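Undergrad: Keeping their order, the protein sequence lines are chains P and B.
Just so you know, the numbering used here puts the end of the first sequence at 133, numbered straight through with nothing missing.
Just so you know, the numbering used here puts the end of the second sequence at 395, numbered straight through with nothing missing.
If you're looking for bench data, these hints aren't it; they were derived computationally from the structure.
Only true hints are included.
DEER-style ranges, computed between Cβ atoms:
| # | chain 1 | residue 1 | chain 2 | residue 2 | range |
| --- | --- | --- | --- | --- | --- |
| 1 | P | R104 | B | D317 | 34 to 44 Å |
| 2 | P | I77 | B | L300 | 44 to 54 Å |
| 3 | B | A42 | P | A2 | 15 to 25 Å |
| 4 | B | D317 | P | V46 | 25 to 35 Å |
| 5 | B | P30 | P | K11 | 14 to 24 Å |
| 6 | B | G196 | P | D116 | 48 to 58 Å |
| 7 | P | T86 | B | T367 | 19 to 29 Å |
| 8 | P | G96 | B | A353 | 48 to 58 Å |
Example chain P residues on the side facing chain B (calculated, C-beta under 7 Å, incomplete):
| # | residue |
| --- | --- |
| 9 | D37 |
| 10 | V39 |
| 11 | K63 |
Computed far set for chain P versus chain B, every beta-carbon distance over 10 Å:
| # | residue |
| --- | --- |
| 12 | Q6 |
| 13 | D17 |
| 14 | A73 |
| 15 | T86 |
| 16 | H95 |
| 17 | L105 |
| 18 | S106 |
| 19 | N107 |
| 20 | S112 |
| 21 | M115 |
| 22 | A117 |
| 23 | Y123 |
| 24 | E126 |
Fair warning: this is a prediction, and the values are worked out from it, not measured in the lab.
We treat Cβ as the ideally placed atom computed from N, Cα and C, and that holds for glycine.
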Amino acid sequence: MAYPAQYRYTKEHEWIDVKDGVATIGITDYAQHELGDVVFVELPKVGTKTVAGKSFGTVESVKAVSELYAPAAGEVIDVNAALQNTPEKINTDPHGAGWLIKIRLSNAAEISGLMDAAAYEAYIAEKGKEASA
Amino acid sequence: MESVTSPTITQLRKTPLNPLHRCLAAKMVPFDGWDMPVEYPASGGLIAEHRAVRGSVGLFDVSHMGDIRIGAGRKPGGALAAVQHVSMNDASLMAIGQAHYSAMLYPEGTFVDDVIVHRLGEEDYLLVINAGTREKDIRWVRENTKSFDCVVEDLSDAYTQLAIQGPCAAEVLQELTDANLSAIKNYWFTHGTVCGLRNILIARTGYTGEDGFEIYVPSDRATSEEVWAKVMEAGREFGIIPCGLGARNTLRLEAKMALYGHEISDKINVWEAGLDRYCKMEKGDFIGRAALERARAAGLTRTLVGMEMIDRGIARDGYGVYNEAGEAVGVITSGSPSPTLGKNIALAYVPPALASVGTTLYVEIRTRKCKAQVVPTPFYKRPKRAAAPQTAKTA
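Okay, chain P solo, but in the shape it has when bound:
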């Protein structure tokens, strides 16, 4: 699956898509593969503040619980409610319909520290090498 060029990526495998100060956040295709079938998602309420690098929720497969880390600080303005009944959207469309939350960024400059698609792809290629070593 292609990694959208306009997104930015974290080392914890979240993506963030910024438009006019509003950022949509999700987990990457690599992350959903690592996790397996997603069966449960716990997301913050609208109005919650996110802190860059801090957990804002969890995503669970049958086997495992994974923390979700905020790529940037902001205030949650929308939550993907459809995931409550169809968490598998994170597997089938991680960069689209499987989005998690939208936040209003409090410091847009934070985004510049994140990886672009090319850097992220290089990063996960390196991870893949470690895993098969």
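Once you have looked at the hints, place chain B on chain P.
TA: Chain B alone, transformed into the frame defined by chain P:
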């Protein structure tokens, strides 16, 4: 996104089928010191694997399991006496060709391991043991059978153990063997030719709560891969898929089969675990018996119950269990979404007063206390089919 618990990588052991699993792009994880497939995303992943076993058939590599043979010494009777001494079920009740679920106990009445004992011959027993407890178990058996006239052999590395599980398992395996599988009852076994290999142990056992077989073939890589391929080929018309330890765990949990280190351990005794029916106090002395007598007289302080989540949330191993007053009353030993039931289920140790079906309990999931209730177990019982024998427990 990052795993909350990341396992430490040490020198992992590999089954003879390890290269094949990697070839199938299985997701590999460290399990009890072994590098094992947890699921095979390319053929559908954990939930698909679980459903294949409940609905048709799946194939598992369970070669990490260990095998201990207790055979005849110079005089008759020694092997049986040794098995009786180190395990809690009554091996004298087994015919040749029969197997049963049992456990080896510490003098405290707690678990060294749970085992399946097979009576191979007049004076010949095979104990199938868990991967994580292999070395400990073998030492334990050697130590505690010293005074018996028997021979103890570690056959753990001699076999590739494959589990063919599901309602169509018999049809699949029958294509590959001359043994009449319909004549093998649940928890019985035979020896037959499988894939042209003679004298293969074929047991109607498993760890899924479904009908199925476990076969023990020579552990060289070529033979192991050939048998695996032939089972997959024979199972193709039934939609067979390779299944990993993830599905193995959800399947056994639905059937309320114990997992060492979770429902049973060196801290938990037989009565607490509810395995009374496999513990034959009347058979005579065995290791752990005296402590179990005392424990029975003293009464239970905790017991294993099945729970179902009412609130949204998945109970996981180690999460705390609370009563309605908010007091800590127990701990989850295994918890998972149940693919068959579409609910989140768990096993937990709680005081007997809170063990009745319908009791409301709370599970602490991260910062929230989520409502759950005690439900009857097993969570899943396979439908009775014509000629399909009663399900039982397995190691």
